[in-house]
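Please put together the full structure from these sequences, using the hints given.
Letter by letter, the chains look like this.
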Amino acid sequence: MAIRTEPFILNMGPQHPSTHGVLRLRVTLDGEVVTDVELVMGYLHRGIEKLGENRTYAQIIPLTDRLDYVASMTNNFAYVLAVEKLAGIEVPERAEYLRIIMAEMMRIANHLMAVGFFLNDLGAMMTPVLYMWREREKLLDLFEMVCGQRLTYNYMRIGGVSHDIPEEFLPALKRFVAEMPGFIDEYDRLLSQNEVLLARTKGVGILPKDTAINTAASGPVLRASDVKWDIRRADPYSIYDRFDFEIPVGTVGDCYDRYWVRMQEMRQSVRILEQAIAQLPEGEACAKVPQLLRPPVGEVYGHIEAPKGELGFHLVSDNSIAPYRFHIRAPTLINMTALKDMAIGWKVADLIIILGSIDVCLGEIDR
Amino acid sequence: MTKALNGEEVAKKIAKKFPGSIAAADKAAVVVTSKSLYQVAEFLKNTRTLDFDYLTNLTAVDYTDYFEVVYHLISLRHNHSVVLKARCYDRDKPAVPSVVSLWRAADFQEREAYDLMGIIFEGHPNLKRLLLWEGFVGHPLRRDYL
Amino acid sequence: MTLLEQFQLWLGSIWPGWAAYIVPAIVGIVVVLGFVLTMVIVFIWYERRLLGRFQVRLGPNRLGPEGIFQPIATAVKILLKEDIVPTKSDKVIHWLAPVIVFVPVLMIFAVVPFGERAILTDLNVGVVYVVAISSISAVGIYMAGWASNNKYGLISALRAVAQMVSYELPVVLAILGVVLMAGSLSMTQIVASQKIPFLLLQPLGFVIFFLGTVAEMNRSPFDLLEADSEIVAGYHIEYSGMKFAMFYLGEYGHALAYSCIIATLFLSGWQGPLLPPIIWLVIKVMAVFFVIVWMRSTLPRLRVDQLMAFAWKGLLPMAIINLFIVAAEVLWLSEITPWLMVAVNFVFAGVLVLLWSKLFTLGGGRVEV
Amino acid sequence: MKFERYGIGIAKGMAVTFKHLFRAPITVQYPEEKLIVSRRIRGNELVWYPDKCTGCATCAKSCPQGNIEIATHVGDKNNYVVDKFEVDTGRCMFCGLCVEACPFDALAMGISYERAQHRRKQLVLSKEELQLSDVRQPSGYARPRIEASLPKQSLLIYWDKEEGGQKLSWLGLSKKRGRGV
Chain A
1 MAIRTEPFIL NMGPQHPSTH GVLRLRVTLD GEVVTDVELV MGYLHRGIEK
51 LGENRTYAQI IPLTDRLDYV ASMTNNFAYV LAVEKLAGIE VPERAEYLRI
101 IMAEMMRIAN HLMAVGFFLN DLGAMMTPVL YMWREREKLL DLFEMVCGQR
151 LTYNYMRIGG VSHDIPEEFL PALKRFVAEM PGFIDEYDRL LSQNEVLLAR
201 TKGVGILPKD TAINTAASGP VLRASDVKWD IRRADPYSIY DRFDFEIPVG
251 TVGDCYDRYW VRMQEMRQSV RILEQAIAQL PEGEACAKVP QLLRPPVGEV
301 YGHIEAPKGE LGFHLVSDNS IAPYRFHIRA PTLINMTALK DMAIGWKVAD
351 LIIILGSIDV CLGEIDR
Chain B
1 MTKALNGEEV AKKIAKKFPG SIAAADKAAV VVTSKSLYQV AEFLKNTRTL
51 DFDYLTNLTA VDYTDYFEVV YHLISLRHNH SVVLKARCYD RDKPAVPSVV
101 SLWRAADFQE REAYDLMGII FEGHPNLKRL LLWEGFVGHP LRRDYL
Chain C
1 MTLLEQFQLW LGSIWPGWAA YIVPAIVGIV VVLGFVLTMV IVFIWYERRL
51 LGRFQVRLGP NRLGPEGIFQ PIATAVKILL KEDIVPTKSD KVIHWLAPVI
101 VFVPVLMIFA VVPFGERAIL TDLNVGVVYV VAISSISAVG IYMAGWASNN
151 KYGLISALRA VAQMVSYELP VVLAILGVVL MAGSLSMTQI VASQKIPFLL
201 LQPLGFVIFF LGTVAEMNRS PFDLLEADSE IVAGYHIEYS GMKFAMFYLG
251 EYGHALAYSC IIATLFLSGW QGPLLPPIIW LVIKVMAVFF VIVWMRSTLP
301 RLRVDQLMAF AWKGLLPMAI INLFIVAAEV LWLSEITPWL MVAVNFVFAG
351 VLVLLWSKLF TLGGGRVEV
Chain D
1 MKFERYGIGI AKGMAVTFKH LFRAPITVQY PEEKLIVSRR IRGNELVWYP
51 DKCTGCATCA KSCPQGNIEI ATHVGDKNNY VVDKFEVDTG RCMFCGLCVE
101 ACPFDALAMG ISYERAQHRR KQLVLSKEEL QLSDVRQPSG YARPRIEASL
151 PKQSLLIYWD KEEGGQKLSW LGLSKKRGRG V
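Residue numbers (this note's numbering), protein chains in the order written: chain A, 1 to 367; chain B, 1 to 146; chain C, 1 to 369; chain D, 1 to 181.
Since the hints were made in silico from the structure, they are not lab data.
C-beta: ideal position from N, C-alpha, C; glycine also.
There could be a bad hint or two in this list.
Think about it this way: if two alpha-carbon atoms lie no more than 30 Å apart in a straight line, the pair counts; the simulated DSS-like pairs of lysine-lysine are [what the hints assert, rightly or not]:
1) 12/D - 313/C
2) 45/B - 340/A
3) 288/A - 52/D
4) 27/B - 85/A
5) 228/A - 45/B
6) 174/A - 152/D
7) 50/A - 61/D
8) 358/C - 12/D
9) 202/A - 358/C
10) 228/A - 27/B
11) 12/D - 202/A
12) 174/A - 19/D
13) 209/A - 128/B
14) 85/A - 13/B
15) 85/A - 12/B
16) 85/A - 3/B
17) 19/D - 202/A
18) 209/A - 3/B
19) 61/D - 85/A
20) 288/A - 61/D
21) 77/C - 34/D
Here are some chain A residues pointing at chain B (derived, C-beta under 10 Å) [unchecked claim]:
22) 38
23) 211
24) 228
25) 314
26) 366
Anything over 10 Å on all C-beta distances counts as not near chain A; from chain B, calculated [claimed, not checked]:
27) 9
28) 36
29) 47
30) 66
31) 88
32) 89
33) 97
Structural data, given as structure tokens:
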């Protein structure tokens, strides 16, 4: 006998503990099974693209901090790289290394937070989050040391970085680099073989390889689907071609793979940090760049491998002090395209962890 | 290193297949007529030597007398890239064909361009505002929006 | 004869019959309630501090020495909050639900032995009473989820019913093993018969009972009813003020009650050398609760279908087999030394757990829609 | 045979959390214990030196928010006299661009961080309020000379071992702990 049932529409968010901000998911449920997901966003829209059109090139840097507020440093990095590409500015050697160090520290900090909150979505009662935040705090301390703030760094400048590092920075960072693998091992022991975690994440929310490419997923989401595409390798920006690191890839593209890829990337970032510290040259930290930069007429698309995926800035210059058009390719917005594919047929609880495994940041999605 | 293909050469290939579809071409980008955009995109995606399977970025620029829709395409296999552009001169109803059926990555990005720039992507399955709310008047990223 | 009955007898010689019955009963209830509510307060503090230490932080430490008065401050805060009733809720049921959740929890303590004769009523069907009473709160949870007219609450309510019904069976079957060994349904008899704690005699039964009760009191990793990351707070999402306090107390009261019962059934209750019985019971209860908090701090939550599978495919068959094993042992092995039984049961437990773990696939579970 | 699903992973995880029970908590009990902030902290509000300021308004131009209001008139020594220097710290995002831009070091970021107010109006700081005082000390952001004079930042990374093995009561409170480099 067929029982006539009605679909059940659940508005998850904008106030919901697991949507990582003010995202709203209009979920159609059949019992607990998700049959449709519609994303409603824009609750955090601040019009940064429009704001950028009437700020000078240097004044936009603090705005980029507010995109992905979990990984501000890489946002700065992507933006200044794009501007330098547009204006053809050479960056001093030391500044390049400092940028790489900051970017990789940021990647570790971001992945710590991503994995921690992924576990929190799984219901692990804050414990992994707090363990990981302990390490993230150490990194934030270091960021605070170099640029005076813990979240919105505004550290990179067009042509270099705003300050050289203080002398107590490198010993502290060396110590962090020495200790971090031990902590990652501990997280591994705590999580990677945990049967409950495996049961919840293995095979859940599979993003097949061709869908991942077709939806232009990027970052750990793409690599978890067995696509070896990392812009640090594929299109080396800055001086990434000088470092030796591996690109971890997943096998099937489920939530566990995305988790696993992030854990491995932390290890690789530690490796890059080790090399960068060893090679760090002396010299200037910033090139001489006019305060009111007027890049030549033209347009440029600069992209980097931000912790969450490919972060791109599309800048159009009309030789004035402000960009004519300032477009941000936000990685998580585009990674979310495939959310519907991943989530349909799974339970509400899975929808939450799939969202968590994409590692969304609403500051970036809504801009 | 991702190799940026020379726009002129790509334009030649396209012109051979679809005569009259190229509006302009320089080293950096290929500008196609908006009418032939879909065919060209399909050609770029499905030709073996080009194989642009990854639509990185889609955006629109308002040059006051026309809108330019910019597509940044990458081929993951060959690791090369090209910039494809289409212009639309109608300020009230600028329209280009949607490429969602080729690259689903365009889904949100086209909606965003529609939302903020007011470009209508014909054939998009769900062309609604993305960031702003339904009923918002105007398209804020246009240069004449104050 | 329990202390209470003795008191009643003694009073009966000087007072009229009805007064001699009621007054000691009230005195007993007040004493037990006092103990329970104090313990609940202590439990709240204990869990917070313990969870804090598991998570390398401190936990509440401001109010009183080591933060011991923090739960009281919490209680005051909750009680002072506005009582919000959703407009479209079912008012009567919404009002009644917290009571139905809270009262059965207190009723369980009627049969918990706190000492050799210190028990409120020594029911000869004590175990059955516990099983019957403790499952009533499922009704309360369902009422709360249904009446608040909230979709999260509804999901939670439906999960509650499924979960409670599923886990009741293995729990009862695990208790049956204990009953077989003790040869009695009375809680005092069960404690008295534990020369060796049943934890050693029935390791598998203990594991099944423990997991089952953790699921019944909705604690991690089985806290699907509250699942703060999915359905926010589940059934008590629309509750505030005093009603929420009832749920809150009910939750910890449940934890206390089940810890008491686990201590009684498997850890030889109040028995122990040197210290007075009540201290022993508290120590054992705290130890049980420690493990519960420890699990809570470590494990992620299961999904609803995995939870059901775990009950029906895992715990239930194991509990049945365990019951048969215990029955056979009681029939044929009880003459010989009990330590042989301990060895045999540990071997059986290991083999069964290994065999059953083969059944479970890790991950997957997509439904075609 | 892989030892998945037998509970080994759970046991390992439980062991990790159990180990943490005996580690020193990382909590800093804020109002009593305060960390030393970075020497370059971009703390709340600005410090303005009226004697150094020439009224050139470079800071105002460099502010992304257009948040610095500056009004001058020409004084008798053919200099600018600053009539008004007003900053709305409620709109300030503490990016530090104004401090970096100032050619005369007349502006510095503040080092303090407890500056909540009850009214939005109180967040608008005038010329008099912005000057150096006991509660308004400059930080070393983009000011190397001030930076050298400030105490070293306390870092969490040095807190695990060198302070090391901190003898704590089981509850981790009784002993007052120092923290820092």
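Practice task
Double-check residue 314/A for me: the hint is only fine if its C-beta lies closer than 10 Å to a C-beta in chain B.
Solution key: Cβ of residue 314/A sits 5 Å from chain B, so the hint holds.
Exercise for the section: Below or equal to 30 Å on CA atoms is what counts here, so check residue 358/C against residue 12/D. Expected result: 20 Å, holds
Handout entry: Straight-line alpha-carbon gap residue 12/D to residue 313/C, limit 30 Å
Key = The given pair, whose Cα atoms are some 25 Å apart, holds under the 30 Å limit.
Practice task
With a cut-off of 30 Å on the C-alpha distance, tell me whether residue 209/A and residue 128/B pass.
Solution key: Judged against 30 Å, a Cα distance of about 28 Å means the pair holds.
Practice task
With chain B as the partner, please determine if residue 211/A meets the hint condition of a C-beta pair closer than 10 Å.
Solution key: With a closest approach of 8 Å, the residue 211/A hint holds.
Problem - Status of the stated non-contact between residue 47/B and chain A (beta carbon gap over 10 Å) - result: 16 Å, holds
Exercise for the section: So, residue 228/A near chain B? Judge it on the closest CB pair being under 10 Å. Expected result: Interface hint status for residue 228/A: holds (9 Å vs cutoff 10 Å).
Practice task
Could you let me know if the closest chain A CB is still more than 10 Å away from the CB of residue 9/B?
Solution key: 19 Å, holds
Handout entry: Beyond 10 Å from every chain A Cβ - status for residue 88/B
Key = Non-interface label stands for residue 88/B: nearest chain A Cβ at 16 Å, farther than 10 Å.
Practice task
Assess, step by step, whether the Cα of residue 228/A is no farther than 30 Å from the Cα of residue 45/B, and give holds or violated.
Solution key: Satisfied, since the Cα-Cα distance of roughly 20 Å is no more than 30 Å.
Exercise for the section: Compare the distance between the alpha carbons of residue 174/A and residue 19/D with 30 Å, and conclude whether the hinted pair is satisfied. Expected result: 25 Å, holds
Problem - 10 Å cut-off, C-beta based - residue 89/B kept clear of every residue in chain A - result: Correct as stated: the minimum Cβ-Cβ distance to chain A is 18 Å, above 10 Å.
In the structure shown, no violation is registered for any of the earlier numbered hints.
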